[in-house]
Each structure stands twice: as structure tokens, then as C-alpha cells.
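J.: One letter stands for each residue in the lines below.
Number of protein chains: 2
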Amino acid sequence: MLILSNEEIESFLSINTCIDALESAYRSWSKGTAINRPRTDLVIPSSSESGVYAFKSMEAGLYDPPIVAMRINSDIIRWNNQGGRVIKTKIPSAPGEKYVGLVMLFSTVTGEPLAMFPGVASSSALAARYLAREDASTLALFGSGWQAGSHLPAMCAVRPIKRVNVFSPTKANLEAFVKELQPKVSAEVRAAESPEAAVRDADIIATTTNSLSRVVNPDWVKAGLHLTCVRVPELGDETIRRIDRLVIHAHQHAPKNFIAGYGEEGIEAHDAIDIIGKGPAHAHEVKVEHPFWLSAPALKDLVSGKVSGRASAAESTCFLNNIGIGLQFAAVGAAVFNEAKAKGVGREIPTDWFLETVHP
Amino acid sequence: MLILSNEEIESFLSINTCIDALESAYRSWSKGTAINRPRTDLVIPSSSESGVYAFKSMEAGLYDPPIVAMRINSDIIRWNNQGGRVIKTKIPSAPGEKYVGLVMLFSTVTGEPLAMFPGVASSSALAARYLAREDASTLALFGSGWQAGSHLPAMCAVRPIKRVNVFSPTKANLEAFVKELQPKVSAEVRAAESPEAAVRDADIIATTTNSLSRVVNPDWVKAGLHLTCVRVPELGDETIRRIDRLVIHAHQHAPKNFIAGYGEEGIEAHDAIDIIGKGPAHAHEVKVEHPFWLSAPALKDLVSGKVSGRASAAESTCFLNNIGIGLQFAAVGAAVFNEAKAKGVGREIPTDWFLETVHP
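Protein chains in written order, with this note's numbering: chain A, 2 to 361; chain B, 2 to 361.
No lab work stands behind these hints: they were computed from the structure.
Treat the hints loosely; a few may be bogus.
Copies of the same chain look alike in the list, so a pair counts if it fits in one copy or across any two.
Derived pair list, reagent style DSSO-like, types lysine-lysine, alpha-carbon separation capped at 30 Å [unchecked claim]: (1) K32 x K89; (2) K279 x K91; (3) K257 x K57; (4) K288 x K344; (5) K32 x K279; (6) K172 x K89; (7) K91 x K57; (8) K344 x K89; (9) K342 x K99.
Model the full assembly from the supplied sequences, consistent with the hints where possible.
T.: Here is the structure:
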């Protein structure tokens, strides 16, 4: 079994390999030759603090490549009230102040575990391949974290980006980010003075923040714009309604939450705090609202040709990243595994450690 | 992160530690200080053969010990017709003709992965602690596989067993089993000539077979008997109906199956073949039958005192092992981890390999 670090994966994985693997996987999904087990959250409210422990899992499998990937997150979460708004924070409580997010790959031919690595995967660039203007040359990027760092080169890979205007509220983070990212792309990467300065002349706006409140002003939606985000609240209903052509990631409902003390059946909610906030006696009152944008087509429909991508230079388009799915990890994970094996990267531990002679 | 083999675990784990850990976990579950995420199966039908790939997962968490355990099986499954009966077989397709069954433990305090090991867990002996006669001295055991080997010493640990009559249809397996197990217990372990000879004078009958058809003749149910099994079909409806006091493992419905080509919603079925047998066009017709015994109390109700155990020497009792749950693995897994750490058993691999510096 192969063990890989994020750094190793970044050292060899090309963005185009990733996007191509995702494209192929979404097509398979559309054809019924791939399958997802939707995300579930196992939640253990803390007895002493305001935090909770949350274990998220989801998996997906493909016929080709013959891979199943399971994605696990093991998080300590706190919801804080900041200026009347609820902010969700993951606490890096693992040794070295780190987070725990794992991908495990299994062969569907032999059943054996193939690889384990931390990692994330995003489908934003794949969506931009179908929705952004072919000649998009200016990217406005909000955020300076890991997601921003992955979106910037990915967008440059799918469109002929010449200029990237980055905005992030903390100036030191913004400047460090620009310095770090400039060598990775041929486009000019600049720190923007304000959100408004960032979006001026932008052909693509990408929000990659942790914000649970609106980042994108509805007035920024103009003819020809492509908009992409990493979470729905970054856009907000009014912005989404102004878009001509909307595509969402997947039609999965809210994850099912299994919360200690709240019964065994599981409760659908966008966030565990919606349930915990009501308390065990009223938890059943939590209703998952089906937002208006759930009627939009999904990325797999776009990639498979069931719905069209951008139809004209004047359209405004948007990819709404409404939920994560295991399929992303199966697609990118298989590509990671093949590349790592071909290049001899990573540490092997004996597969036999995880096998059984007894019929389980 | 600690890596342990089945052999290492067997070398140090005492049966009583295991049963006590299970007892405590079921009590927690009853109180709402433990939670299960029910089993789901991700299934990829093979395009070339009659087999399928199936990835099963389930997890559970406890407040105390602060552990989450995830149980994974990655199996190649075939259903064969043998004499008009459907037999489900797992194919040991992993290197060395092995099976893939894994437990992963996570800390709910720090989120970090603590341990990984293959492994199984059974609650039969815990149930026998509440349901078998205090003076039960003769055990009839059906089967000679791994489950039989784990049930025999476990039953001897909870009751003063003096004699074990083992029956298994293949004589060579039976004799090898008796020879292997005799040194592990103070009771006399004997090979029985026939099923009828095995159950004569038995206070406890334990079936630990792979049989999908009846092993226990209803006429064997007598005053004072305790009956236990590893799967429902070993007993059959008629046998179960004759029991005075019935306790089932858990009230979970059939697992939800996510099968490639059968839509994304998931379909409840006791076995994926029930769905695949109908084909994609009729898969929605699969109805999960709620068997009559689902109205019996569950093991957690028994262990927590919500329902009574054996009320008299004359009662016949039965523990119906109707489904596996993650809780067993959280309970036993935590005990395994603590013992292994205390005794310095196992191989450590760097936890840091599975951590992320980036906010996932």
C-alpha cells in the first residue's frame, strides 16, 4: 500500500491530468458506470466545550479505472458568533496543529487497499472548461488560502489567463500569496486594493474563502462573466438569480447527520449546528430546505452533453459548488496513484498488514 | 499511527476485556452517549463475470472512550446457485488469497488517526451473559471456521462450560478444529458424530456457519436452552417463533445499497443480489420486508436494563445476530488500542503522513 504526502502529490501531478480524470469520471457517472455513496456526518457533541467532533465519510467507485475511493474527515469543529453571524471553524487539533483529511483507494479487481494520502479535489476548473469564455483573460480571485492556491493555476490551465487580481482582507496574507503564486503561472498575479478593483474587467470571478456570508456583489454579474465558488454562501441568492446559465455540482440533498443523543435514524441538515441548535427534543423539526437553485443541471449533465455549456460570449455563467462528492476523489485519486507508481514516489507499507485470512 | 495484525491482537486481548468493553459501549448507546452511522454498501457489478465488487462501510463513536471506529470491507462477491439455493461467497482476491476487512480508529479529542487493523467483533458472548442459564455447562457448536474459533472460548468465559460438542459437516475440518481449540479452554472439546448428537443435553447452541439455510431444527428448542447465531437464516422463522425470550442485535433496517447503474438515491435491501436480480428497470420494486422478529428488544435494551434477561431456568432464550454495527468495532477497537499501547505491540507509522496543514 502506497503512502503519499500532499507535497509529493503536488510535485508530480499535472493540473491537466487532474481535470481530464475528473471529466472522464463525470461522464462515467452520467452513463451509470460510476457510483457515489453520499456524505454522512457522525457527530459527537462535546460535553465540556462549545465544539463538536465530526467524522465525515463518503465514497465513490468507477468501472474504469477500477477504483473505489473513500474520503474521510475527522474534525474538531466550533461555531462562533462573530458580529451576529455564525462562523464555522475547524480546529487543527491533530499533532503539529494539523487537520485530518484522508483518501483511501481500493482496487475493485482484487479488493486490496492501494493507497492512502491526505488530499482534496476540486471540479471548478473542469466546469470553467465548459462555462467560461474561450478568450477569458482576466481572473479575479478572492481568498489567499489553500483553495485559492489550487484554483489559480487550474483556471490558468483551462483558459488563456493573462492577469490575476487577487483580493484577501488580510494584507500580509495577500502579499505572501501573490509572491508564492506568481512563479507558478505565466499570467501576471497582482494584489488588488479592494474587491471592486479585483473584479474590474474580470472575465472570471472565483471565490475561494471560508466565508459564510456574501462575497460577490450581485452588481458584479455582467455579460460574459463566469462565476465560480467553493461554497454557496459566498454568492448568496440574489447573485445566483442574476446568472444566465447556472450549473451546480451535484443534486445530493444535505448530508445525513448521525449525532450522539439525537436518535439513530440520522437527520438531514446542511450543517450539524442546525440540529444541535434545536436540541434533542426538537431536532425532528429541522427541515432541509430545497433551495431554488437545486433545479439547475449538474456538472455531470454538462460534461456528458445532456445540457449545453456557454452558448454565447454575452451570457453570464456560474458553477455553484454546492456539495463535495466522493467521485472527485476516485477520479483524482486514481490519477495520483498511477503517476506515483510510474514515478516511484511515496512510501510503500506492506499491503498484507491490512488483509485477513479469515472470511470476515 | 499504530498498525496491528490479527495475530498480534489475539496474542494480548483477553476475552473478558472485550466483553466488558462491549457491555459498556451498548450501555452508552442506550443512554445516547454513543452513535452509529449505519452500514452502506457501494456496489459495482462486474461487466465480465457474475461477481460484483462491494465496498461496505459503517462507523460509530463513543464519548468514553473518546474514539470513533470505521469498519470497511472491500470484497469480491459471487452468488452461486447450488442445488436450487443461492449461496453468497466472498472471493479472497487480495494478494495471498486474502480478504480485505479493516478497522480504523480516530481520536475524538484531536481528530487524529490512532490505529488500523484487520479485525472482527462479535457480541454473542455479551448476550449470553444476560440470556444463558447461570449453570450452563454444555455447549453445542456448529461450524469450524473463524467464527467458531472465537465463539468457543468466549462462551466458556461467560458460563461454566464443561463440555463442548462441535459439529461440522467436513470431518477433516472438524477434527482439526477440535485439536486446535482444546488447549485454549478447560472444558472438554469433542467432535460430535451428528447435529443431533451435538445438541443432546446442550444448554447453549451456537451456530457459527456460512449457511443461508436452516441449521437449527425447531424441535431442538427446549426448556432452559440458550440459542445464538451469526446470521438469521441459520435459525429460520419456525425455530425463532418457538423461543420464549428473543433479543436481536439492533433495529437497523437493511443496508442501503448504492449500485452503479441503479441511480444515485440508494436502495434498501438485505442483499445487493435482490436489486441486481431485478435489473435497473425494476430495482425500485425491491421492498425490504420487516420480519416479525424486528419487534423484539435489542441487545442495548437488555444490557441497559430496559428489558430483562432470562427470568427463569425453564425459559428458552435466543440472541439473533441480525446485523453488524460499527459500535462493536469502536468498543473492541478502543480496548485493542489501549492494550497494544500498554504492551508495546504493533508497528508505528508516522501519524503525520495522514495529516494536513491546509484547512480541508
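J.: Report the numbers of all earlier hints that the structure fails to satisfy, in ascending order.
T.: 4, 8
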